[in-house]
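Student: Sequence:
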Amino acid sequence: MSLLETKPGDSFSDSERKSVYEETGGKLTTDQARFHFDFDKELAECEELARDAKQNRSFKEKLLSLEYELNFKNKSHMVWLLGGFAAAAGLLSGLDQSIISGASIGMRQESGLGLSSDQESWVSSLMPLGAMAGSILMTPLNEYFGRKMSIIISCLWYTLGAGLCAGARNYHMMYAGRFILGIGIGIEGGCVGIYISESVPPTVRGNIVSMYQFNIALGEVLGYAVAAMFYSVHGGWRFMVGSSLVFSTILMVGMFFLPESPRYLVHKNRIGEAYSVWKRLRDIDDDKNKLEFLEMKQAALQEQEARATESRMELWSDLFRIPRNRRALVYAVIMVGLGQLTGVNAVMYYMSTLMARIGFTTKNSVFMSLVGGGSLLIGTIPAILFMDKFGRRVWGLNIIGFFIGLVLVGVGYLIDLKTHLAAAEGVYLSGIILYMMFFGSYACLTWVLPAESFDLRTRSMGMTICSTFLYLWSFIVTYNFTRMQNAMTYTGLTLGFYGGIAFIGFFYQILFMPETKDKTLEEIDDIFSKPSRQLVKENIVGMKNYWMGKKN
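Counting from 35, one number per residue, gives the positions in the sequence shown under this note's numbering.
Keep in mind that a hint or two might mislead.
With a cut-off of at most 25 angstroms between alpha-carbon atoms, the simulated PhoX-like pairs for lysine-lysine come out as follows [stated by the list, open to error]:
| no. | residue 1 | residue 2 |
| --- | --- | --- |
| 1 | K553 | K397 |
| 2 | K302 | K553 |
| 3 | K109 | K313 |
| 4 | K109 | K397 |
| 5 | K397 | K75 |
| 6 | K551 | K564 |
| 7 | K423 | K397 |
| 8 | K109 | K564 |
| 9 | K302 | K313 |
| 10 | K397 | K313 |
| 11 | K302 | K423 |
| 12 | K313 | K578 |
| 13 | K452 | K109 |
| 14 | K423 | K322 |
| 15 | K397 | K107 |
| 16 | K553 | K578 |
Label-pair distances were calculated between CB atoms; the ranges are [stated by the list, open to error]:
| no. | residue 1 | residue 2 | range |
| --- | --- | --- | --- |
| 17 | Y178 | D86 | 40 to 46 angstroms |
| 18 | E348 | H268 | 37 to 43 angstroms |
| 19 | K397 | N204 | 22 to 28 angstroms |
The set of hints was computed from the structure by calculation and includes no laboratory data.
We put the beta carbon where it would ideally sit given N, CA and C, even for glycine.
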């Protein structure tokens with residue numbers, strides 16, 4: 035007889051509860067939860083564990099949880115504070131991408147540096163190379179120190195790297211600073227998405243994670259603005275690269291006021307602490323939030339049972355061997371690659387140089403770079419506001435906008451600057467604006483989808499691989515940008531290579547992109563458990579229904 039047919043008042047063992055959980059696919063109704071899980075009794079046990087956890091924490095646990103506990107009567111305020119402040123880490127990544135564009139002009143003229151074109155390529159590309167190393171460090175840091183402390187550690191790396199860059203006396207110091215700075219960005223880039231996804235409700239998860247990309251874009255605008263401010267100052271490039279120290283310090287201090295991810299705490303069997311955090315982030319009087327916590331706890335217990343019988347190597351192999359995990363990994367890596375291989379980071383790093391190439395003076399090219407950064411910032415706003423309203427697929431298909439923008443950029447390079455300077459600048463700027471605006475919306479997905487696609491057991495490892503590939507593509511594109519321009523011409527690179535990838539990517543997203551809107555992280559498991567051919571079929575049917583005006 036099914037446990038769902040038993041009588042009220044019966045008691046159940048842990049194995050029987052697990053059977054009920056599996057029988058219902060991990061999605062119990064509140065009544066089923068009350069009946070089969072001793073709903074109120076289990077929550078009372080969590081309350082007791084929470085009190086004990088506060089009193090009996092070890093010195094190591096107190097050290098790793100350094101926190102001034104903030105509480106709000108309206109729990110949504112705490113959710114938005116956590117998400118907004120953690121997402122502000124994107125300022126560090128964005129600031130670096132644009133600061134180096136303006137600073138490189140000053141570094142060429144610095145007597146101690148005197149960078150050659152090859153050395154300048156290394157200065158630009160060593161950051162994503164360091165970020166690859168940082169993303170590899172992310173998994174052990176996430177597992178041992180937790181999500182919150184890993185972000186704080188990333189700020190320490192960032193501060194050290196930015197300090198070395200600002201005080202560089204030769205290109206070796208600049209190389210070291212850029213690589214160390216990249217390590218910080220690599221750690222932070224993977225941790226922030228996981229931290230937010232594991233902490234906030236599914237109804238706002240996409241919006242809040244998208245704020246990370248908004249802050250990357252905001253950081254890029256601030257970087258171009260700082261570059262313009264210090265352009266005429268002697269040694270101004272040092273102020274440019276040093277200005278990022280202010281933001282890393284503010285972020286590091288602010289993180290001490292935020293709680294650890296409740297799912298990480300459950301993952302580490304720290305149920306009492308997890309429940310304390312959960313009560314700060316959710317209205318605990320709402321049965322839906324109580325049920326979500328119990329489902330999360332049950333999923334973590336199943337994960338712990340599986341983990342107890344397998345080695346770390348077996349856990350890594352599960353990421354590739356189990357079809358559900360492999361589908362999530364393949365899709366996330368390709369989606370991230372499509373964004374990077376359209377050349378956005380190379381364009382951001384060399385924005386001032388490219389503006390000068392199209393006819394702007396050296397000084398004006400620094401100021402005009404604000405147009406590209408501002409367009410990227412504006413493009414992220416619709417995704418932040420409507421990510422969870424329109425779903426993920428709408429924003430993923432924005433990749434066709436890259437193609438349109440890149441076509442205009444390529445055409446702009448073909449116009450004769452001597453006879454039609456205004457036309458060349460107009461077409462080029464129109465292309466850059468379109469390209470950056472559409473990328474701003476798409477880029478939000480590169481942090482939202484990977485962070486929510488993997489299950490609890492493989493989330494850190496999956497994000498490590500995705501982040502590593504993101505920065506690998508960024509390094510390859512950035513380091514080879516000048517060489518590819520020389521080999522393919524400016525038009526061939528932008529319109530042919532970058533535009534071609536965007537065009538192919540549009541059809542890939544139509545067929546293979548899943549919709550994860552309003553799903554809990556546990557429910558997303560069901561989506562990636564489907565065979566790829568079934569997902570493709572559902573996407574095609576959905577597109578047909580959309581064009582025919584039918585509801586799915």
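Student: For each hint, tell me whether it holds in the structure or not.
Tutor: Tested hints:
1. Annotation: proposed proximity of K553 to K397 is violated, straight-line Cα distance about 49 angstroms (limit 25 angstroms).
2. Our distance criterion of 25 angstroms between C-alpha atoms is met by K302 and K553, whose separation comes to about 24 angstroms.
3. A hinted pair counts as satisfied when its Cα atoms are at most 25 angstroms apart, and K109 with K313 qualifies at roughly 8 angstroms.
4. A hinted pair counts as satisfied when its Cα atoms are at most 25 angstroms apart, and K109 with K397 does not qualify at roughly 48 angstroms.
5. Of the supplied pair hints, the one linking K397 and K75 is violated, its CA atoms being roughly 69 angstroms apart against a limit of 25 angstroms.
6. Between K551 and K564 the alpha-carbon distance is near 17 angstroms, which keeps this suggested pair within the 25 angstroms criterion.
7. The suggested pairing of K423 with K397 is violated, with an alpha-carbon distance near 42 angstroms, which exceeds 25 angstroms.
8. Distance restraint check for K109 and K564: the Cα-Cα separation of roughly 35 angstroms exceeds the 25 angstroms cut-off, and the hinted pair is therefore not satisfied.
9. A C-alpha spacing of about 18 angstroms is found between K302 and K313, which places the hinted pair at or below 25 angstroms, so the restraint holds.
10. Restraint check: the Cα-Cα separation between K397 and K313 comes to about 53 angstroms, which exceeds 25 angstroms; the hinted pair is violated.
11. Restraint check for K302 and K423: the C-alpha separation of about 33 angstroms exceeds 25 angstroms, so the hint is violated.
12. Distance hint between K313 and K578 is unfulfilled; the C-alpha atoms sit about 43 angstroms from each other, more than 25 angstroms.
13. With a C-alpha separation of about 61 angstroms, the suggested pairing of K452 with K109 is violated against the 25 angstroms cut-off.
14. For a cut-off of 25 angstroms, the pair hint linking K423 to K322 stands: about 21 angstroms separates their Cα positions.
15. Restraint check for K397 and K107: not satisfied, since their Cα atoms lie roughly 51 angstroms apart, outside the 25 angstroms limit.
16. Between K553 and K578 the alpha-carbon distance is near 23 angstroms, which keeps this suggested pair within the 25 angstroms criterion.
17. Roughly 23 angstroms separates the CB atoms of Y178 and D86, a value that falls outside the hinted 40 to 46 angstroms.
18. Separated by about 59 angstroms at the C-beta atoms, E348 and H268 break the suggested range of 37 to 43 angstroms.
19. Between K397 and N204 the CB atoms are about 27 angstroms apart, so this pair conforms to the stated range of 22 to 28 angstroms.
In this structure, the hints that do not hold are numbers 1, 4, 5, 7, 8, 10, 11, 12, 13, 15, 17 and 18, in rising order.
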